[in-house]
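Based on these hints, arrange chain B on the given structure of chain A.
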Amino acid sequence: MARIANQIRTLRFLAGEMTQAELGDRIGVTRQTIAAIEQGKYSPTLESAFRIARVFGKPLEEVFQWEE
Amino acid sequence: MAFREKIAWLTLLAMLIAYSIYFGLILSRPEPPTMLGIIWLFGTISLAQLVVVIAGSIAIAVLSGREARARADERERAIARRGARAAYYVLMAGMILAGVVMPFSEPPWKIVNTALLALVIAEAVNNIVVLMSYRRGWHG
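Protein chains in written order, with UniProt numbering: chain A, 1 to 68; chain B, 1 to 140.
Isolated chain A, as found in the complex:
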């Protein structure tokens, strides 16, 4: 089954241990939503995906990967 994987946990670590709450505040979602995205339990909208990538200064495909 296809799923969307992501590197958010790693990128948060590399961004000085940015917390889920801090990332959530910067893109306008709750800490719980960031946790759900990280765990692959929720796929964000395209808009939020781009916002997350922009926070880390990375292209979208370095943050999110389509896995089959």
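Careful: at least some of the hints might be erroneous.
[Claimed, not checked] With the C-beta cut set under 10 Å, the calculated list includes, among others, these residues of chain A facing chain B:
no.: 1; residue: Thr10
no.: 2; residue: Gln32
no.: 3; residue: Tyr42
Hints in this document: simulated from the structure, not taken from any laboratory.
Keep in mind it's a predicted model, so treat the numbers as computed, not measured.
The beta-carbon is built from N, C-alpha and C at its ideal position, and this holds for glycine as well.
Just chain B now, kept in the frame of chain A:
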């Protein structure tokens, strides 16, 4: 636990308790209830439930702080839509039963209470789907 998940738990528990009492009282009566009796009992219990939910929501909001003042984010809105969609089908089935099928064979008090039960079950389904989505995750 997210603020809106706590509110969904409060709403679900309050309504299950309130309407268990209502339907328990209605079904345990030896005589069929009058329309005025139904309105009075349902109104009283609904009002009590509303007061409990409002007071509980205020308490949860105070304890949750900033999170309670924030607008629902995209995932929370999507979860709410999923709950409402599931509840719609339950409500539709209940209304067809109460409004189309039962008038041919059942007395008014049974029709009214079936419609009320459909409303209660639909709202319970709404909250259960919302809670499952929060607990298991969107793709769970």
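Numbers of the earlier hints that this structure fails to satisfy, in rising order:
Of the numbered hints, just 1 does not hold.
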